[in-house]
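Assemble the complex: chain A is given as a structure, and chain B must be docked to it using the hints.
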Amino acid sequence: MKNIIKIIGLAVLILGSSISISAITHEISVLKVDSLDSDSLKVESRKGYASLTVWANESSNVITTGFARSLAEGGFISHDILDPVLNSHNGEMGYLGGSAGFAYSWTGKVVEGKEWSLCGTVGSELLVDTRWTSDAFELLWYGNGGHTGRIDVLSGTGVRASLFNRFSLGAHNNFTGQRLEISLIQRLAGAEWSVPYGYFWVSEDADSLDTYLQTEGRIHALSDSTFLPAYGIGISGKVPLTPEGSALRLEVEFKDLGVLFEPAGSKVYWLDDGIATTGLPVLGDSLTWENIIDGNISTDSLILTGNSVSRMVLLPSKLSLRMNYAIEENVKFSTSISYGGWMPEPEVAIGLGWVVSDKLSWGVKIKDGGWGGSRPVVWAQYKVTEKRLVSVTLEDPRGLFINSDTSDNFKARGISIRLQRAPD
Amino acid sequence: MRNFIFLVVCILAVSLSSCVDREPLSWETEIFLPLVDDHIGWSSFIPDSLVELGEEGEVAKLVFNGVIDIVSGNLVPILPDTTIQDIVAFGSLPISIPVPIEYPFIDKQEEMMISSLTGTEGAYMRELVVASGEMVFTVESSIKGILEMSYYLTCVTLDGDTVGIDLVIPPATDTENGFATGIVDLENALFDLTGTSGVGNNTLTTSFIAIGSEQNEEIFYATNLDSLWMTVEFHDFTVQSAKGYFGNVIVDFDSESPVLDSIPVPNPVLDIEGAVAKLTIENTVGADIRLTFDTLSVDDQNLQHPTFFGVHDVARAHWSNGQLIEKTYLEIDMGEVGSNFFDLIETFPEVMRGIGNLELNPFGDVSLGNDYLDVDVPPLLNLDIEIPIRLGADGVILEEQYTIDPAEFPQFDGRLLIDLYSTFPVSLSANVEYVVNDTLGTVVSVSSEIGPGSTITGYIAHAFAEIPINRRIIEPGGELFVTLDVSTEGAVPFTGYEDVRVQIRIEGTQLIEE
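As you go down the protein sequences, you meet chains A and B in turn.
Number 446 marks the last residue of the first sequence (our numbering); no jumps.
Number 529 marks the last residue of the second sequence (our numbering); no jumps.
Pulled out of the complex, with its shape left as it was, chain A reads as follows (with noise of 0.2 Å):
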C-alpha cells in the first residue's frame, strides 16, 4: 500500500513537473504579448499573479510511520507493534487518509483601471480517506477471544479513494483581491466501501454469537475494468476580509461547492445480512462455521451485486477560514481552520512567522485534526527574484523520515512546494 502512494506520489510529482514547465512556457508568452501590446497600444497593463502548487500529505490519528514501515516490510505483527496502535485509539475511531496533487493557478493580465481579471486553476488531486472503528481494528488483528462478551461495533468503517481532475474558470477581483471560479470537475477513477451498520458479538463463555453487517462497496469502473469517468460542477474561491488599515487579515476560501453526476455502472457489491446462533447448526448443514472462515459458502445468496444506477453526489468541498495579524513589524500570528475534503474533523492550525530579511521568512504551526493528531509545521518562504516567490511547507517533519527509525512514532507527514509570481 505504501509502495503504491509512494509511486502515485512519483506520478504526481512528474505530471507536477510537466506542468510547471507548461506554466512557464505560458508565462513566456504572456510577458511576449504583453511586450507588444504595450508597444504598439500604448495601454498600461501588467501581468497577474500565477502559482504553482504541488503537495503531498498523510495523517492518521493511530497509525504511526513504524507500523506502516512494518507493514511494508512484511515480517510477524507481534503484539508489540499493535499495542501502542490499538491504544492510542482510546476507544475511538482511526483515521487516515491524505491528499496528493498539484494545482496551477494563475490570473490573466491586469489593465489598468480595470477592476476584474479572468482567472482560473487546473488541477488534480488524489483523495484518499480511511477509518475504522478501534472494535474493527482489535478483532481483524487481535481476534476476538481476548474480549468476548463485549459487543464490536463495526458501523462507521470504511474506506475511499479517487481521483479527481479539476478545470476552472472565474473572475479576480483587482482591488480586493477576492476570487470566484467556476469548476468542471472530473472524477477519473475511483472506489468506496463502507459499513453503515455492522456489529459482531461473542457471548463471554462464547456459548452464542451474534453479528450483523450491513456494507456496500462501489468500484467506479466499467465491467472490463476500463474508467467510469463522472463529471460535476463546483464553485471555489476565496474572500480577503481585511479591515482599512488594520494588521488583521481574514481569508474565507471555499473550494468545490457542488454536485458530481455519477453516471451508471458503477459496479456495486452489497451485503445486509446477519447471523445469530449458539452453535451448528447455523442456516442448514451448509452453513458452518468452517464454511464461513474458509469463504466456501456460496456468497450468491448474501452478497448482492450489480452495476450502479445514475446519481448525484456531493464533490469534496472544503471551507478554510485563515487569519493573519501581524504583531510586530517582522513577526506575523496565524490561524486557520479548514473542514471538509472528506476529512473526518475538522483541521485547525495556529502558528508563527518571522520575516527573516528581504528575501526570507519563515514560520512554525501546530496543526490539530483533519484525520491526523496533533503535529508541527514548518514552512519557510524564499523571494528568488522581485517577482518569484518560492515556499516550501513541511508538515510534522519527523515523519517524512519513513525508512529511518526516528519516524516510527510519529503519524502524519506532507509536503508542499508553491511557485508564485507576483502581479506586476
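Among the hints, a few may not be true.
Covered stretches of chain A (in silico footprint by chain B; criterion: 3 or more residues with CB under 8 Å from a CB of chain B, positions within the stretch not fixed) [claimed, not checked]:
1. 88-96
2. 166-180
3. 227-237
FRET-style restraints, in silico, Cβ to Cβ [claimed, not checked]:
4. A/S330 - B/T454: 47 to 55 Å
5. A/L244 - B/S58: 51 to 59 Å
6. B/S58 - A/Y234: 27 to 35 Å
7. A/Y234 - B/E361: 50 to 58 Å
8. A/P106 - B/S460: 40 to 48 Å
9. B/D428 - A/N431: 30 to 38 Å
10. B/D269 - A/S230: 52 to 60 Å
No wet-lab data here; the hints were simulated from the structure.
None of these values were measured; they are calculated from a predicted model.
By construction, the Cβ of each residue, glycine as well, lies at the ideal position given by its N, Cα and C atoms.
Below, chain B without anything else, positioned relative to chain A:
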C-alpha cells in the same frame, strides 16, 4: 531538468526495490467461538408423536396409535361397463316420407334395469355418486339430411343439471353414412336409480329424441332403406358414495402395522405397570359390520386373548343426506386378564400383523335399502397403546455425529471445549471422539462421566472435557462423534423433558498470513 529526472528514477528504483524480498505479513489472532450447541433428548430417538410429556413431574407416556387396514376390498357393488345398442330401421315405410323439422320423428322415454351389479347377490342401488366415469353416445345415419339427436340420462344430474348429449348428425352421402359421437364426463354425477316410480332400484331412466335439423335447406326424405344405429356406452365407473343394499359382503384382510420399532433402546426393560392398550373398531359405514380375527401377531408371536378372537358385531353408523351423523364403536381391552399383549410389546416390537375378515350386513337387508357408504370415510381399526416411560436400558442410548469441515487454521494451537449438561435421572458416560480426515485417520477422544440430573428439581448435571487440537488436527476437518452410554438398575421413570445439551466451543490462536 536532467537532474530532476535522474532523481525521480532513483526514487522509483528504491521504491520498487523495497518491494523485493519482502517477507509475507503475518499476525496472530485469538479466536473463541461456539461450534456446536445441540440438545439431545427423547425426541432424538423417539418421534415426537410417540411421546406424551409428563406434566408436573408425572411420568411421560409412550403413545402409539396404529391403524390396521381392514378395507382392502370393495364394500360397495361396482357398476359394470355397459354398452346399449339401438337400431331404428324404417323398412316398414310404404313410401318415402319427408323428415319433419317442426316436431321429433323419434321421442322415446325408457327405463333400463341394471341387472349385473358386481358384488354379492341381492345387492341393489337406490342412489349413487360416481367419482369417475363417462358416457359415450354415437349415432350413424343413412338419411340424406341433417339430423339433431339428444340422448339424456334423466335420472342423472350433475351440478343440478340433467346429464345428456346433443348431437348433430351430418347427412349421409351415396358412399358414406352420417356419423357423430359425443362424450360426457360423469365425475361427481348423482344417479337416482329409483326409476320413474321413485320407489324402485337399479333403474336408469333415459330420453331419446330425433328431429330434422333446421339447417337443411331442402326437404329430405326417410326411405324404407334408411336406418339409424345408436350406441350408448358407460364405462370406467368408480363409486364415491352409494345408498341401497350392499348385500352380504365378506372382505378378508391381512395387514401389518409398525408398532414401536423407531425406539432404538438397547436391551430395553419396560415397566408396563399403568399401561393401557385397546383396540377400537370404528364403523363409519351405514351398514352393520362383523369383524372376525383369525390371528393377531406381534413380531411373529401370536396374541393370546380371552375374547379377542370371537365375533365382534358393530351396529351401523348414522348417515343423513350424505353427512355422517354418528359413528359406532367397539372397544376391546387388549390388556385384560388372560392376555399376553403387554408381554409382547415389552421389548419394543417392530410389527403387528392382523388377519381376519370384515362382513357387511351379517343380518341381511335390515335397513330396507338404506345402507350408506362413502369411500372417503372407511371403517377403521385403531390400536391405541399408552405406556408410562419407566424404562431401563444398558448400552449406548444415543449417538450424535457432527461434521467439522476442512478449514484453514494456520498454525492453530488451541482446544475444543466440550460441555455436557444432563437432566437425565441416571448417570451417563459420555465419549467424545474426533476422527480426523487425514490419511492416518487420527482419532482424538475424551471421556467423561455425568451424574444424574433431574427435571423435577431442575438440577442439571454437568461434565466438561477438552480436546487439545492443533493445525494438523483441525485443518483436514473430520467427524465428531458424541455417544452417551447409560446403564440403569431396572426401569427408571422419565418425564420426557430429559435431555443432554452438548456444547462445543473452539478456543485458540491462529496465525494469519498474507
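For the range 51 to 59 Å, tell me whether the beta carbons of A/L244 and B/S58 fit it or not. 55 Å, holds
Beta-carbon spacing of B/D428 to A/N431 - inside the hinted bounds 30 to 38 Å or not: Check passed, 32 Å falls within 30 to 38 Å.
Do A/P106 and B/S460 keep their Cβ atoms within the hinted range of 40 to 48 Å? 44 Å, holds
Pairwise beta carbon distance, A/Y234 to B/E361, judged against the given window 50 to 58 Å: 54 Å, holds
Can you tell me whether the CB distance of B/S58 to A/Y234 sits inside 27 to 35 Å? Since B/S58 and A/Y234 have Cβ atoms about 31 Å apart, the given range 27 to 35 Å holds.
Outcome of range test on Cβ distance (B/D269, A/S230; 52 to 60 Å): 55 Å, holds
47 to 55 Å as the expected CB spacing between B/T454 and A/S330, which holds or is violated: Taking Cβ atoms as reference, A/S330 and B/T454 lie about 50 Å apart, which means the hint holds.
8 Å C-beta criterion, at least three residues: is the stretch 88-96 of chain A covered by chain B: Result for this restraint: holds, n = 4.
Are there three or more residues in the stretch 227-237 of chain A whose C-beta lies within less than 8 Å of some C-beta in chain B? Three-residue rule met by the stretch 227-237 of chain A, so holds; n is 5.
Tell me if chain B covers the stretch 166-180 of chain A under the three-residue, 8 Å CB rule, please? holds (count 4)
When the structure is compared with the earlier hints, no violation turns up for any of them.
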